Amino acid sequence: MFVDSVELMISSGKGGAGAISFWTEKFVTNGGPDGGDGGRGGSVFFKVDNNTDTLSSLRGRKHIKAENGRPGEGRKCYGRKGKDITITVPPGTSVIDMETGDELMDLVNEGEVILFLEGGKGGLGNMHFKSSSNQRPTYAQPGLPGITKQVRLEMKLIADVGLVGYPNVGKSTLISTLSNAKPQVANYEFTTLTPKLGVVHVGDFDSFMMADIPGIIEGASDGRGLGLAFLKHIERTKTLLLMIDAANYREMKYQYETLLVELQRYSETLATRKHAVAITKIDSLPQDEVNRLTENFLADIGLEANDTLHTYKADRMYVSYGLKKEFGVKLPKEKPLFVLPISSVAHINTEPLRYALGDFVKSVKEENEA
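The opening residue of the sequence shown carries number 1 in our numbering; numbering runs sequentially from there.
Don't read these hints as lab results, they were simulated from the structure. Predicted, not measured: the structure shown is a model, and the values here were computed from it. Glycine residues also receive a C-beta, built at the ideal position from the N, C-alpha and C atoms. Be careful, since some hints might not be right.
Said to hold, decoys possible - Pair by pair, the computed Cβ-Cβ distance ranges are:
1. T52 <-> R75: 24 to 32 angstroms
2. D300 <-> T86: 26 to 34 angstroms
3. Q287 <-> N368: 17 to 25 angstroms
Claimed, not checked - Here are the simulated DSS-like cross-link-like pairs (lysine-lysine), alpha carbons at most 27 angstroms apart as the crow flies:
4. K47 <-> K65
5. K335 <-> K365
6. K76 <-> K47
Construct all of the structure, not just a fragment, from the sequences and the given hints.
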(Lines of atoms letter the chains of each structure in order from A and count residues from 1; the text may use other names and numbers.)
(Lines give C-alpha, C1' and ligand atoms only; values in the text may rest on other atoms or scores of the structure.)
Protein backbone atom coordinates (compact mmCIF):
# COMPACT_ATOMS: atom_id res chain seq x y z
CA MET A 1 0.00 0.00 0.00
CA PHE A 2 1.31 3.46 -0.90
CA VAL A 3 1.35 5.76 2.15
CA ASP A 4 2.94 9.19 1.76
CA SER A 5 1.82 10.91 4.97
CA VAL A 6 1.55 9.72 8.59
CA GLU A 7 1.02 11.44 11.92
CA LEU A 8 3.00 10.24 14.90
CA MET A 9 3.84 11.09 18.49
CA ILE A 10 7.56 10.49 19.00
CA SER A 11 9.25 10.48 22.40
CA SER A 12 12.79 10.00 23.58
CA GLY A 13 13.43 8.05 26.78
CA LYS A 14 13.47 9.48 30.29
CA GLY A 15 16.76 9.41 32.18
CA GLY A 16 17.04 6.97 35.07
CA ALA A 17 17.05 8.28 38.63
CA GLY A 18 20.23 8.31 40.66
CA ALA A 19 20.37 5.88 43.58
CA ILE A 20 20.41 6.68 47.28
CA SER A 21 22.54 3.99 48.86
CA PHE A 22 25.11 3.53 51.62
CA TRP A 23 27.83 1.02 51.71
CA THR A 24 27.09 -1.47 54.47
CA GLU A 25 29.47 -4.32 54.96
CA LYS A 26 30.76 -6.37 57.84
CA PHE A 27 33.69 -4.71 59.57
CA VAL A 28 33.05 -1.47 57.62
CA THR A 29 31.49 1.02 60.02
CA ASN A 30 31.69 4.14 57.85
CA GLY A 31 31.10 2.94 54.31
CA GLY A 32 29.57 6.18 53.11
CA PRO A 33 27.26 6.91 50.20
CA ASP A 34 27.63 4.73 47.13
CA GLY A 35 24.50 5.42 45.06
CA GLY A 36 25.22 5.16 41.31
CA ASP A 37 23.99 7.37 38.48
CA GLY A 38 20.93 6.65 36.40
CA GLY A 39 21.29 5.69 32.75
CA ARG A 40 20.56 8.12 29.93
CA GLY A 41 17.25 7.67 28.16
CA GLY A 42 17.20 6.31 24.63
CA SER A 43 17.35 8.75 21.70
CA VAL A 44 15.33 8.79 18.50
CA PHE A 45 17.07 8.79 15.10
CA PHE A 46 15.86 9.00 11.52
CA LYS A 47 17.58 6.88 8.87
CA VAL A 48 17.18 7.44 5.13
CA ASP A 49 16.98 4.20 3.16
CA ASN A 50 16.65 3.89 -0.61
CA ASN A 51 15.12 0.44 -0.19
CA THR A 52 12.07 2.08 1.38
CA ASP A 53 9.67 3.83 -0.99
CA THR A 54 6.66 4.43 1.24
CA LEU A 55 5.75 5.24 4.85
CA SER A 56 3.44 2.21 5.11
CA SER A 57 5.58 0.61 7.84
CA LEU A 58 4.58 3.49 10.13
CA ARG A 59 0.90 3.36 9.27
CA GLY A 60 -1.24 2.62 12.32
CA ARG A 61 1.49 3.43 14.83
CA LYS A 62 0.37 6.23 17.12
CA HIS A 63 3.31 6.57 19.49
CA ILE A 64 6.96 5.65 18.98
CA LYS A 65 8.98 5.86 22.19
CA ALA A 66 12.59 5.12 23.01
CA GLU A 67 13.37 3.13 26.14
CA ASN A 68 13.81 4.89 29.49
CA GLY A 69 17.18 4.74 31.23
CA ARG A 70 17.45 2.36 34.18
CA PRO A 71 17.90 3.83 37.69
CA GLY A 72 21.26 3.65 39.39
CA GLU A 73 22.05 1.10 42.08
CA GLY A 74 24.20 0.75 45.15
CA ARG A 75 27.89 -0.07 45.11
CA LYS A 76 28.34 2.76 42.63
CA CYS A 77 26.58 0.80 39.88
CA TYR A 78 25.36 2.90 36.96
CA GLY A 79 21.95 2.31 35.43
CA ARG A 80 21.76 0.87 31.90
CA LYS A 81 21.23 3.31 29.05
CA GLY A 82 17.85 3.12 27.36
CA LYS A 83 17.78 1.57 23.88
CA ASP A 84 17.69 4.02 20.99
CA ILE A 85 14.96 3.95 18.34
CA THR A 86 15.77 4.36 14.63
CA ILE A 87 12.89 5.26 12.30
CA THR A 88 13.60 4.27 8.70
CA VAL A 89 12.10 6.52 6.03
CA PRO A 90 12.46 6.86 2.23
CA PRO A 91 14.50 9.70 0.70
CA GLY A 92 12.48 12.89 0.35
CA THR A 93 10.71 12.65 3.72
CA SER A 94 9.95 15.87 5.59
CA VAL A 95 9.37 15.96 9.36
CA ILE A 96 6.82 18.66 10.22
CA ASP A 97 5.94 19.86 13.73
CA MET A 98 2.15 19.60 13.97
CA GLU A 99 1.92 22.29 16.65
CA THR A 100 3.79 25.02 14.82
CA GLY A 101 3.70 23.78 11.21
CA ASP A 102 7.48 24.23 10.94
CA GLU A 103 9.60 21.80 8.96
CA LEU A 104 12.00 20.27 11.47
CA MET A 105 13.98 18.02 9.14
CA ASP A 106 14.30 17.36 5.42
CA LEU A 107 15.67 13.87 4.84
CA VAL A 108 17.00 13.44 1.32
CA ASN A 109 20.46 11.86 1.43
CA GLU A 110 20.64 8.08 1.20
CA GLY A 111 22.19 6.39 4.21
CA GLU A 112 22.28 9.38 6.53
CA VAL A 113 21.30 8.83 10.18
CA ILE A 114 20.23 11.99 12.00
CA LEU A 115 19.50 12.52 15.68
CA PHE A 116 15.95 13.79 16.13
CA LEU A 117 15.23 13.65 19.87
CA GLU A 118 17.93 13.17 22.48
CA GLY A 119 17.21 11.04 25.52
CA GLY A 120 16.99 12.58 28.97
CA LYS A 121 20.14 12.65 31.09
CA GLY A 122 20.36 10.23 33.98
CA GLY A 123 20.33 11.62 37.50
CA LEU A 124 23.39 11.65 39.77
CA GLY A 125 23.52 9.22 42.64
CA ASN A 126 24.05 10.37 46.22
CA MET A 127 27.74 9.50 46.10
CA HIS A 128 28.26 12.81 44.23
CA PHE A 129 26.83 14.90 47.06
CA LYS A 130 28.99 13.84 49.99
CA SER A 131 31.11 16.54 51.57
CA SER A 132 32.83 17.31 54.84
CA SER A 133 29.69 18.98 56.09
CA ASN A 134 27.28 16.40 54.67
CA GLN A 135 28.77 12.96 55.07
CA ARG A 136 25.44 11.17 54.77
CA PRO A 137 23.61 12.72 51.80
CA THR A 138 20.09 11.36 51.43
CA TYR A 139 19.49 13.08 48.11
CA ALA A 140 19.95 11.95 44.50
CA GLN A 141 18.88 13.54 41.26
CA PRO A 142 15.88 12.29 39.34
CA GLY A 143 16.48 11.62 35.66
CA LEU A 144 15.62 14.36 33.18
CA PRO A 145 12.46 13.75 31.16
CA GLY A 146 12.60 12.84 27.48
CA ILE A 147 11.28 15.04 24.68
CA THR A 148 7.94 14.42 23.00
CA LYS A 149 6.97 15.78 19.60
CA GLN A 150 3.74 15.42 17.64
CA VAL A 151 4.91 15.28 14.03
CA ARG A 152 3.68 14.61 10.53
CA LEU A 153 5.93 12.74 8.13
CA GLU A 154 5.41 13.66 4.48
CA MET A 155 7.13 11.84 1.66
CA LYS A 156 7.86 13.83 -1.48
CA LEU A 157 9.34 12.08 -4.48
CA ILE A 158 12.81 13.13 -5.60
CA ALA A 159 12.90 13.32 -9.39
CA ASP A 160 14.44 15.36 -12.19
CA VAL A 161 11.32 15.61 -14.36
CA GLY A 162 7.74 15.77 -13.10
CA LEU A 163 4.88 14.92 -15.47
CA VAL A 164 1.89 17.24 -15.12
CA GLY A 165 -1.36 16.98 -17.05
CA TYR A 166 -5.06 16.28 -17.05
CA PRO A 167 -6.30 12.76 -16.27
CA ASN A 168 -5.93 10.27 -19.16
CA VAL A 169 -3.52 12.54 -21.01
CA GLY A 170 -0.93 9.77 -21.43
CA LYS A 171 1.48 10.34 -18.53
CA SER A 172 1.57 6.69 -17.46
CA THR A 173 2.02 5.52 -21.05
CA LEU A 174 4.91 7.94 -21.54
CA ILE A 175 6.77 6.94 -18.37
CA SER A 176 6.31 3.25 -19.23
CA THR A 177 7.69 3.93 -22.73
CA LEU A 178 10.72 5.98 -21.68
CA SER A 179 11.63 4.26 -18.41
CA ASN A 180 11.63 1.00 -16.51
CA ALA A 181 8.42 1.89 -14.64
CA LYS A 182 5.34 -0.29 -15.15
CA PRO A 183 2.33 1.75 -14.07
CA GLN A 184 -1.26 0.76 -14.72
CA VAL A 185 -2.37 2.00 -18.14
CA ALA A 186 -6.04 2.17 -19.19
CA ASN A 187 -8.34 4.35 -21.27
CA TYR A 188 -10.18 6.08 -18.45
CA GLU A 189 -9.51 9.01 -16.15
CA PHE A 190 -7.61 8.70 -12.86
CA THR A 191 -6.01 5.41 -13.82
CA THR A 192 -3.00 6.55 -11.79
CA LEU A 193 -3.93 6.59 -8.12
CA THR A 194 -0.43 6.76 -6.66
CA PRO A 195 2.77 8.48 -7.85
CA LYS A 196 5.24 6.44 -9.89
CA LEU A 197 8.98 6.85 -10.44
CA GLY A 198 10.97 5.69 -13.44
CA VAL A 199 14.61 5.93 -14.49
CA VAL A 200 15.05 7.22 -18.05
CA HIS A 201 18.38 6.26 -19.63
CA VAL A 202 20.02 8.65 -22.07
CA GLY A 203 22.85 6.77 -23.71
CA ASP A 204 25.03 4.32 -21.77
CA PHE A 205 26.11 6.57 -18.92
CA ASP A 206 23.49 9.29 -18.41
CA SER A 207 20.03 8.97 -16.90
CA PHE A 208 17.43 11.01 -15.07
CA MET A 209 14.47 10.28 -12.80
CA MET A 210 10.90 10.90 -13.99
CA ALA A 211 7.86 11.17 -11.70
CA ASP A 212 4.25 10.53 -12.74
CA ILE A 213 1.46 11.83 -10.47
CA PRO A 214 -2.36 11.49 -10.71
CA GLY A 215 -4.02 13.88 -13.14
CA ILE A 216 -4.73 17.51 -12.29
CA ILE A 217 -8.11 19.07 -12.99
CA GLU A 218 -9.53 22.55 -12.52
CA GLY A 219 -9.62 23.30 -8.80
CA ALA A 220 -6.96 20.73 -7.89
CA SER A 221 -5.25 23.28 -5.63
CA ASP A 222 -8.56 23.61 -3.74
CA GLY A 223 -8.85 19.86 -3.21
CA ARG A 224 -10.77 18.68 -6.28
CA GLY A 225 -9.77 15.33 -7.73
CA LEU A 226 -6.52 13.69 -6.64
CA GLY A 227 -4.16 16.48 -7.64
CA LEU A 228 -3.91 18.27 -4.28
CA ALA A 229 -2.86 15.14 -2.42
CA PHE A 230 -0.03 14.46 -4.87
CA LEU A 231 1.10 17.87 -6.15
CA LYS A 232 3.61 17.84 -3.29
CA HIS A 233 5.40 14.96 -5.03
CA ILE A 234 6.62 17.24 -7.82
CA GLU A 235 7.75 20.03 -5.45
CA ARG A 236 11.28 18.61 -5.46
CA THR A 237 11.49 18.12 -9.23
CA LYS A 238 13.93 20.36 -11.04
CA THR A 239 11.92 20.52 -14.26
CA LEU A 240 8.34 19.91 -15.34
CA LEU A 241 6.89 18.39 -18.50
CA LEU A 242 3.39 19.69 -19.08
CA MET A 243 1.41 17.23 -21.17
CA ILE A 244 -1.37 18.53 -23.43
CA ASP A 245 -3.88 16.18 -25.08
CA ALA A 246 -4.31 17.03 -28.77
CA ALA A 247 -7.44 14.82 -29.01
CA ASN A 248 -9.15 16.17 -25.89
CA TYR A 249 -12.36 18.19 -26.10
CA ARG A 250 -10.61 20.93 -24.11
CA GLU A 251 -8.58 23.39 -26.20
CA MET A 252 -4.84 22.94 -25.83
CA LYS A 253 -4.34 26.54 -24.71
CA TYR A 254 -7.02 26.04 -22.03
CA GLN A 255 -5.31 22.87 -20.76
CA TYR A 256 -1.94 24.58 -20.66
CA GLU A 257 -3.13 27.68 -18.83
CA THR A 258 -5.18 25.65 -16.35
CA LEU A 259 -2.15 23.57 -15.40
CA LEU A 260 -0.04 26.70 -14.89
CA VAL A 261 -2.76 28.31 -12.76
CA GLU A 262 -3.11 25.25 -10.53
CA LEU A 263 0.66 25.03 -10.07
CA GLN A 264 0.76 28.73 -9.20
CA ARG A 265 -2.08 28.44 -6.69
CA TYR A 266 -0.54 25.42 -5.04
CA SER A 267 3.01 26.73 -4.69
CA GLU A 268 4.77 29.89 -5.82
CA THR A 269 8.03 27.94 -5.85
CA LEU A 270 6.60 25.14 -7.99
CA ALA A 271 5.24 27.67 -10.48
CA THR A 272 8.76 29.00 -11.12
CA ARG A 273 10.12 25.62 -12.26
CA LYS A 274 11.33 25.56 -15.84
CA HIS A 275 9.08 23.49 -18.02
CA ALA A 276 8.57 22.01 -21.47
CA VAL A 277 5.41 20.89 -23.25
CA ALA A 278 4.55 17.57 -24.87
CA ILE A 279 1.47 17.41 -27.10
CA THR A 280 0.21 13.84 -26.76
CA LYS A 281 -1.92 11.34 -28.71
CA ILE A 282 -0.99 12.71 -32.13
CA ASP A 283 -1.40 9.21 -33.61
CA SER A 284 -5.17 9.71 -33.39
CA LEU A 285 -5.09 12.71 -35.76
CA PRO A 286 -3.86 13.28 -39.33
CA GLN A 287 -0.37 14.71 -39.68
CA ASP A 288 -1.59 17.99 -41.19
CA GLU A 289 -4.07 18.42 -38.33
CA VAL A 290 -1.34 17.84 -35.74
CA ASN A 291 0.90 20.46 -37.33
CA ARG A 292 -1.99 22.93 -37.59
CA LEU A 293 -3.00 22.45 -33.95
CA THR A 294 0.60 22.78 -32.81
CA GLU A 295 1.16 25.98 -34.78
CA ASN A 296 -2.08 27.45 -33.41
CA PHE A 297 -1.07 26.49 -29.87
CA LEU A 298 2.35 28.11 -30.27
CA ALA A 299 0.71 31.27 -31.59
CA ASP A 300 -1.75 31.28 -28.69
CA ILE A 301 1.04 31.25 -26.10
CA GLY A 302 3.21 33.71 -28.00
CA LEU A 303 5.83 31.41 -29.55
CA GLU A 304 7.02 30.79 -33.09
CA ALA A 305 7.34 27.41 -34.78
CA ASN A 306 10.97 26.53 -35.26
CA ASP A 307 12.76 23.19 -35.52
CA THR A 308 15.20 23.84 -32.67
CA LEU A 309 15.40 20.12 -31.93
CA HIS A 310 17.20 19.59 -35.20
CA THR A 311 19.78 17.34 -33.57
CA TYR A 312 16.98 14.87 -32.78
CA LYS A 313 15.34 13.87 -36.04
CA ALA A 314 11.57 13.81 -35.78
CA ASP A 315 10.04 10.38 -36.39
CA ARG A 316 7.59 9.68 -39.22
CA MET A 317 7.89 13.18 -40.65
CA TYR A 318 6.20 14.85 -37.69
CA VAL A 319 7.68 18.25 -36.99
CA SER A 320 9.41 19.24 -33.72
CA TYR A 321 8.61 22.70 -32.45
CA GLY A 322 10.32 24.85 -29.87
CA LEU A 323 11.70 28.24 -28.95
CA LYS A 324 14.47 29.89 -30.93
CA LYS A 325 16.85 29.20 -28.05
CA GLU A 326 19.54 26.68 -27.33
CA PHE A 327 19.55 24.44 -24.28
CA GLY A 328 21.23 25.98 -21.24
CA VAL A 329 20.10 29.52 -22.05
CA LYS A 330 18.02 31.07 -19.28
CA LEU A 331 14.51 31.54 -20.62
CA PRO A 332 11.56 33.51 -19.25
CA LYS A 333 9.96 31.43 -16.52
CA GLU A 334 6.50 31.61 -18.05
CA LYS A 335 7.64 30.21 -21.42
CA PRO A 336 8.27 26.51 -22.16
CA LEU A 337 11.72 25.50 -23.29
CA PHE A 338 10.29 23.44 -26.13
CA VAL A 339 6.99 22.10 -27.46
CA LEU A 340 7.03 18.64 -29.00
CA PRO A 341 4.15 16.59 -30.48
CA ILE A 342 4.45 12.93 -29.43
CA SER A 343 2.66 9.61 -29.36
CA SER A 344 3.81 7.19 -26.67
CA VAL A 345 1.70 4.34 -28.09
CA ALA A 346 3.03 4.68 -31.65
CA HIS A 347 6.51 5.77 -30.44
CA ILE A 348 6.35 8.97 -32.46
CA ASN A 349 8.96 11.51 -31.29
CA THR A 350 9.53 9.62 -28.03
CA GLU A 351 13.26 9.28 -28.69
CA PRO A 352 13.63 13.00 -29.52
CA LEU A 353 11.76 13.71 -26.27
CA ARG A 354 14.07 11.42 -24.29
CA TYR A 355 17.20 13.26 -25.43
CA ALA A 356 15.58 16.70 -25.26
CA LEU A 357 14.60 16.10 -21.63
CA GLY A 358 18.08 14.76 -20.90
CA ASP A 359 19.64 17.99 -22.17
CA PHE A 360 16.98 20.02 -20.38
CA VAL A 361 17.73 18.38 -17.02
CA LYS A 362 21.49 18.69 -17.53
CA SER A 363 21.25 22.40 -18.37
CA VAL A 364 19.15 23.12 -15.28
CA LYS A 365 21.60 21.21 -13.05
CA GLU A 366 24.53 23.16 -14.47
CA GLU A 367 22.70 26.43 -13.96
CA ASN A 368 21.89 25.57 -10.32
CA GLU A 369 25.52 24.60 -9.64
CA ALA A 370 26.86 27.78 -11.21
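Going down the list of hints, with the structure as the test:
| no. | hint | in the structure |
| --- | --- | --- |
| 1 | T52 <-> R75: 24 to 32 angstroms | violated (45 angstroms) |
| 2 | D300 <-> T86: 26 to 34 angstroms | violated (54 angstroms) |
| 3 | Q287 <-> N368: 17 to 25 angstroms | violated (38 angstroms) |
| 4 | K47 <-> K65 | holds (16 angstroms) |
| 5 | K335 <-> K365 | holds (19 angstroms) |
| 6 | K76 <-> K47 | violated (36 angstroms) |
Hint violations for this structure: numbers 1, 2, 3, 6, all remaining hints satisfied.
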